[in-house]
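Colleague: Same order as they appear, the protein sequences are chains A and B. Each residue of the first sequence is one higher than the one before, counting from 904 in the working numbering. Each residue of the second sequence is one higher than the one before, counting from 904 in the working numbering.
Careful, some of the hints might be misleading.
Since the list gives no way to pick one copy over another, a pair counts as held whenever it fits inside one copy or between any two copies.
[Stated by the list, open to error] For lysine to aspartate or glutamate, the following DMTMM-like pairs were computed, each having C-alpha atoms within a straight-line distance of at most 20 Å: (1) Lys1255 <-> Glu1369; (2) Lys1248 <-> Asp1167; (3) Lys1238 <-> Asp1111; (4) Lys1366 <-> Asp1261; (5) Lys1238 <-> Glu1377; (6) Lys1188 <-> Glu1157.
Note that these hints are calculated values from the structure, not bench results. Every value quoted in this text rests on a predicted model; they were computed, and no experiment measured them.
Protein chains: 2
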Amino acid sequence: MAMSEELLTDLYEFSMANGYYATLPHDQEAVFDVFYRNVPDNGSFVIAAGLAQVVEALQNFHFTDDDISYLRSLNLFSTGFLDYLANLKFSCTVRAIPEGTPVFPREPMLTVKGPLLQCQLLETFVLNILNHQSLIATKSRRICAAAEGRAVMEFGARRAQGPDASVFGARAAVIGGCTSTSNCLAAKKFGLQAAGTMAHSWIESYPDELTAFRAWAQVYPDSASLLVDTYDVLKSGVPNAIKVFRELRAAGHEPIGIRIDSGDLTQLATKARQMLDEAGFENAKITASNALDETVIQALLKEGAPLDNFGIGEKLITSSTSPVLSGVYKMAALKVDGQWQPKIKLSNSREKVTLPGDKMVYRLYRKDTPDQAFADVIALADEKLPEKLLAINADPLATDDEIELTDFVAKPLQLEVVGANASSIETDVMKLQASMKDQLAQLPKATQRLINPDVYQVYLTPKLFELQQRLIKEHHQKAQA
Amino acid sequence: MAMSEELLTDLYEFSMANGYYATLPHDQEAVFDVFYRNVPDNGSFVIAAGLAQVVEALQNFHFTDDDISYLRSLNLFSTGFLDYLANLKFSCTVRAIPEGTPVFPREPMLTVKGPLLQCQLLETFVLNILNHQSLIATKSRRICAAAEGRAVMEFGARRAQGPDASVFGARAAVIGGCTSTSNCLAAKKFGLQAAGTMAHSWIESYPDELTAFRAWAQVYPDSASLLVDTYDVLKSGVPNAIKVFRELRAAGHEPIGIRIDSGDLTQLATKARQMLDEAGFENAKITASNALDETVIQALLKEGAPLDNFGIGEKLITSSTSPVLSGVYKMAALKVDGQWQPKIKLSNSREKVTLPGDKMVYRLYRKDTPDQAFADVIALADEKLPEKLLAINADPLATDDEIELTDFVAKPLQLEVVGANASSIETDVMKLQASMKDQLAQLPKATQRLINPDVYQVYLTPKLFELQQRLIKEHHQKAQA
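Input sequences plus hints: build the corresponding full structure.
Modeller: Right, dumping it as structure tokens:
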């Protein structure tokens, strides 16, 4: 992302900003929220990721002369507006939920407050980055859950949707739980563990498989992990691997193991395990890597396939079964003549009606089990959460019954990350992974289930709910007038 | 892609290259092919895209000091190998099928010939770029075919899998037929038409919809395209748009039209069309943009929805119904002691057995209908296609019956793009789109069908087929020995 994020922007953002510049006070302030409505793969939450790249871009948000020349060449924008852009002093405040946090539908993942013109210009690239990385972190969490503690290596660079998708995708995959990536650029850029062994082309570059394995063992005597499926796993690959493992051991080295990249993994791994064990290589690991995802891994492990590690390619790096996180960026408030006005986007679909106003989201823990979260609450930013709360389910498809929430400790999820009071954010990817694991451990097990997870309740405070209902009513009255 | 393509490489490519360096002659030459086996969305072909970025990267392929330091820090590679990389003189020759060409399964899209070490290091990023852009160009071709000549705008930046996916995806979408993109960075970088109007936030920034429309018309009197679904399309959006269109016309301006982004597009567009026509705005265009892809567009048009333009978001920029093109990079030949040896990758699955040897692919045209292609042929690179050919179907699931091909003109599809005799490649994206349209017009209509397309035949020459069969037999004999 050495590219210009400032121009990674839909044309209409510039068209609108130019229009605001012409017709509204230039310092008119607004609040926008990023949130999503649907969870990939019918899960119950998303793992937030991408914030570090958003913050990095916003800390240096400016338009180059080249950007301005391009925008001028479109003959769409006023000179005044282009001058405004050229001299832009970025002055938005951004609050966001830290990376690695499980986030539920409708919760504001990120909130931008500042001049409407500037808020508008951030929409496209903020969504691009958060949608992409959160999508991949979410998929990674699912795959790692299926792997039940076994190492999961991210191997998808060649099938990622472009260079950035491979690099930032690998970052997100590690936030979501992967132990390593095959992608050297990602490993270098983010300090990740790089992983990988050999391809079939290595085997084909030597007269036969045994010679190829011996050549590998000669170069990497202490890290020999051999790909055994070039010709025939059980007749050729594993027997040749065992020969070379014996030679290695005789020379004082211990082999790592084998990798199987095709065929029926349960049958092949079971037989290979027997052969390795019988030859005295009980510690040699078996890695599987053929078109795997959480569903396949669960099925293999349920069958008892003796697999130690997984290498995951295209199905992780593209989240192929659910390749889009449809996060949106919606106006929540606008300051008009010095007064904040909450804003709502209506729709015929209950699900698409937005939550108005500047908001804060809290995770609620029981006072007596302070490490177990039981619900989240979305409130207005300027209200203090009372000790006892009559809350309304945030799910627009749930009934409007009130529920009494009491005896809880509320932890605010958003932090200020850009602005005068900004906290510095965690950028160490392994620490983000550790934080994700801690937070997962605080959620009910049933909501982490990969298939048909239990719904984790997200509530609205009465104030927020009443504000939303009032705005809906006002719009309907206006429409009938 | 200002990032270092040289490190956008799976670790195992470096591990293998380091191993080759230690155990094989450093100038040992090889041939690798890029090809794919399965077409996204069950289509019959892929539109090749991404070559310009591959060539650009290869023309300047080198490792920086920083890259070398990183690789050294892994403690995996010999000093000799790291010095080789630091002083690498890239010397591979690359032949490829030009962008915009329809390419069928198993055809070599790109062929690299040169030192094995260097060939190996290109695998990851060459596949990343070709797989991604060809995937999106292919999806774009499908969506544009469904739109039957109506303008299709690429609107997906916010849901693309990272910044590059949005920028190179927009490029690929235009190669595949889109008229424009909302992505300013892509438009600037590749000289594409930028497109877009307003979001709902524009409407919400003014006291009411009519005021918002008037403000827009004031700023853009000659390009007023109004988003009419913020509150209610038929009761509010279209009547307000018509009011503003009348005011514009009275002031000597003609409006562009309206955009509908939610609701039932057929019903809303039909009624909106009536209202616009009755008000005298027969030329006002209706653009639709809600979660569209080729299937939805076909359904809407079949119902007679009066839509003039389409804006396509996430379903194009991620190819969401089929988000992976699984192109592979396989060794086809290796020069051992001065002699080229054809190489094959075996598998228990017929589909996965590779085509050995340095190859060339030809598109065949009938002599009497020189603008109609009827089949492709894959041959060995050093054989001259005879005038009459007993060919074997390249589809490993087809029978091995020979078919006589005669009275054809054969056009080679690959060009040398990197090397001593390299042709300069077309990089003008609109010219690539024009070339794609020309080449589509040469293919049978039935093979372009979006659902259940007819199979377009790809044949092997007898020499290539016999070589493949001989190598399979030799491997089986060796395995039994």
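Colleague: When no copy is specified for Lys1238 and Asp1111, does a C-alpha distance of 20 Å or less occur within a copy, between copies, both, or neither?
Modeller: Answer is between: at 15 Å across copies they meet the 20 Å cutoff, but 74 Å inside does not.
Colleague: How do Lys1255 and Glu1369 come out at 20 Å by Cα distance, when the copy is not named: within, between, both, or neither?
Modeller: within (17 Å within a copy, 61 Å between copies)
Colleague: Should Lys1238 paired with Glu1377 be assigned to within, between, both, or neither, using CA atoms and 20 Å as the limit?
Modeller: within (18 Å within a copy, 78 Å between copies)
Colleague: Taking 20 Å as the upper bound on the Cα-Cα distance, should Lys1188 and Glu1157 be classified as within, between, both, or neither?
Modeller: within (11 Å within a copy, 71 Å between copies)
Colleague: When no copy is specified for Lys1366 and Asp1261, does a C-alpha distance of 20 Å or less occur within a copy, between copies, both, or neither?
Modeller: within (12 Å within a copy, 72 Å between copies)
Colleague: Under a CA distance limit of 20 Å, which applies to Lys1248 and Asp1167: within one copy, between copies, both, or neither?
Modeller: between (51 Å within a copy, 18 Å between copies)
The structure shown violates none of the earlier numbered hints.
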